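Given the coordinates of chain R, assemble chain V onto it according to the supplied hints.
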Amino acid sequence: MNSEHEPKIVAFLCKWCSSAGSDMAGVSRLEYPSNVIPITVMCSGSVSPLYILSAFNLGADGVLVSGCHPGDCHYIKGNMYARRRMALLKELLPYIGLEPERFQMSWVSAAEGLKFTQIIKEFVKQLKPLGPQTQLRRSL
Amino acid sequence: MRKKIGVFVCHCGINIAGTVDVKKVAQELSEFPGVSYTVDYVYMCSDPGQNLIIQKIKEEKLDGVVVACCSPNLHETTFRRAAQSAGLNPYECEIANIREQCSWVHKDKDKATEKAIKITKGIVEKLRWNEPLQPIKVPVTKRALIIGGGIAGIQTALDLANSDIEVVLVEKNPSIGGHMIQLSETFPTLDCSQCILTPKMVEVSKHPKIKLYTYSEVQEVTGYVGNFQAKILKKPRYVDPDKCTLCDECTQVCPVVVPNEFDLGLTGRKAIYIPFPQAIPATYTLDIEACPGVLPIACGKCWDVCEPKAIDFDMKPEIVEEKVGAIVVATGYDLYDKKNMAEYGYGKYPDVLDGLQFERLLSASGPTRGKILRPSDHKEPKEIVFIQCVGSRDPELHNKYCSKICCMYTAKHAKLYKHHVHDGQAYVFYIDIRAGGKGYEEFVNRTMEEEGVLYLRGKVSKVFEENGKLVVWGVDTLAGQDIEIRADMVVLAMAIRPSSGAEKLAKILKAAQDTDGFFAEAHPKLRPVESLTAGVFLAGVAQAPKDIPDTVAQAGGAAIKVVSILSQPELLHSPLVAQVNEHLCTGCSMCVDVCPFSALSIVEGKAKVNEVLCEGCGTCAATCLRSAIEVKNLTHLQVHDMLTASLGGLK
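So the sequences go chain by chain: R and V. At position 80 of the first sequence (counting the first as 1) the number is 80 in the numbering used here, and the numbers step up by one without a gap. At position 138 of the second sequence (counting the first as 1) the number is 278 in the numbering used here, and the numbers step up by one without a gap.
Isolated chain R (complex conformation) (with noise of 0.2 Å):
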């Protein structure tokens, strides 16, 4: 049952590199999972970590935030704040029960369309023999 899971994921992309990078994979028309929903943000060091335990506790099964790579950042050091938040919060995950696998950073350019799409596609690899997400999961 669990490899037929479909993974929902949340991608949190900074407006400036990660965003535009998935629009670049757009326009150039690279397919990949629909599993993700992006929500754009200003910033990846605008994540509160609040937010990826949010998303974990209203169901998501795998979080990934994306900004730009480390001495890109538009903010000129937001996405190395985000990098140390989001090293730490990995790390307390197993903590909490959860399989740290379940949550991503990764750096994406705007012009890195296609890295976009191998993200993803790795992301839902791997997440798929997870299963759903229950450890945090808010019971409705």
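Read the hints as simulated data drawn from the structure, not as lab findings. Treat the hints loosely; a few may be bogus.
[Stated by the list, open to error] Quick list of simulated restraints, FRET-style, between CB atoms:
| # | chain 1 | residue 1 | chain 2 | residue 2 | range |
| --- | --- | --- | --- | --- | --- |
| 1 | R | H69 | V | E536 | 23 to 31 Å |
| 2 | V | E606 | R | Q118 | 57 to 65 Å |
| 3 | R | T134 | V | P709 | 32 to 40 Å |
| 4 | R | Q135 | V | E536 | 48 to 56 Å |
| 5 | R | L92 | V | Q167 | 39 to 47 Å |
| 6 | R | H69 | V | T217 | 53 to 61 Å |
| 7 | V | G657 | R | A87 | 26 to 34 Å |
| 8 | V | G657 | R | Q118 | 30 to 38 Å |
| 9 | R | R29 | V | K198 | 34 to 42 Å |
| 10 | R | L92 | V | S601 | 55 to 63 Å |
| 11 | V | R221 | R | T134 | 42 to 50 Å |
| 12 | V | Q167 | R | A87 | 38 to 46 Å |
| 13 | V | D388 | R | H69 | 53 to 61 Å |
| 14 | V | I623 | R | Q118 | 44 to 52 Å |
These numbers were taken from a predicted model, which means no experiment stands behind them. Idealized CB from N, CA, C, for every residue including glycine.
Same frame as chain R, but now just chain V:
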């Protein structure tokens, strides 16, 4: 009261409608809480499409509009303008991207439709909590700061001053003129470089709108576009320019001789000196590093002979503050450091010169009055070797980029050499000839054909001295053979590097540098004179290697960019900035520490946002433990509701 939201779904011909069931998206959204009107239309961005939005905002009395269409990068402005013309605040209009991020990247119509519905619902949830906002108005200081007094800075300063804008021009050396004033003649017309530059230098010094600081450096810049404050360090020159009569008595008695920077060490100068006769400002400077001591006991000979008493040993460094609205970086270049080129004997053998030294030899005002003579024995070189790409286009060992001007100035050097030494033989080692420019290709061809300069395609491996000759070991890759030339002089076309102060200045201005150390432009094609920092512009080689015509053109471009800012009565700044909930803020200052723009401070125990400095990145919002600071129209609540809409409907 809940907003009345209208959702407008675009077909984009078949671009969206081909993969997404737009009727179903409109239908589903019409049942979504808060949505009071939905419609789908073939091209929303067309005039009839926009009119439909305007008409329905009025008829249905909508408080907010979501257009489900292409990326907001394309038509956000279009639809916000349309909403505004219907009387809505533009920030009450949001775009749901269902084309680039949905219809164009999926094939399964059911899945794509389901995703488009979720994306649109998410944006409706965001819009529900949007506040109407007005752009922040910022006053403008109608003055410009130009850093660097070479041809780039001079041209920018003149263009701006002639546009009736006050200019502050800062140059670190005792005189303006930059490298161009050192050159002999310029390619491809062989104009005398000093003859065409000195009128501009004089114009700078006489222009009522230009305030000139020479022997000065920018130390600190605070503020933001339209309102910068710059601190400028005026180094003491120990000579009062107003009193100095240029009588030259001081240099006659000065006992100290040091290498002359203007002649690149080919001659000497005294500790008190004027860089060159046409220097602007026309005055002497006392080099305090070389002077035996400002204590009159140690020397003081110059002070003794100075009739008008222009020399003042007690002069102190001075810091002046200038307020400006825009800044132009025109810091130019240095040649690649000679210590990196040991294999060519540069710095070891006196007759191995760099391009600028050779310019000084060619110059009528140079150390040899325009005669080409070997520095070692003052004999005329009968065989001369020019080596191109020294330190350029060599990613393994040196710089990976092309320094761009060397092909042309080497051709000029070889040509001028032949004009001076008719019976001499010139050789040029090159990788490729890059002569892209008006009249450039013809110029190189003439050097080859009319002057008989021998061009050899290949690199030189080694230069060494033997019996008073410089032995050049190279290879001719076209003939496929090793070459040995016993030359009298070798001239190296050294790579161009960003000016030595560029890194420090980039930090002061918070302007990015590229991987080679040149100032990074905002866009390589469409914004080549703007830096990534608003209000900071680039001119000349500070941005990338380029020749004089390109530099002058870019300087004019930078000037008009400055005018386009300073001619406005006030600047508009995006209102999507951070705001503080003072009831929750404890004044812990964590947000202040992470802000990349120094836009936050603690005032009376609470965080305070400088809305003009804030770029709205939201790094503070993710840092605050109490959610006391958030970015307008993208609050934690809005993100949470977007997540709920995006995930809630999933089975």
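Checking against the hints above, which ones are violated?
-> 3 and 6
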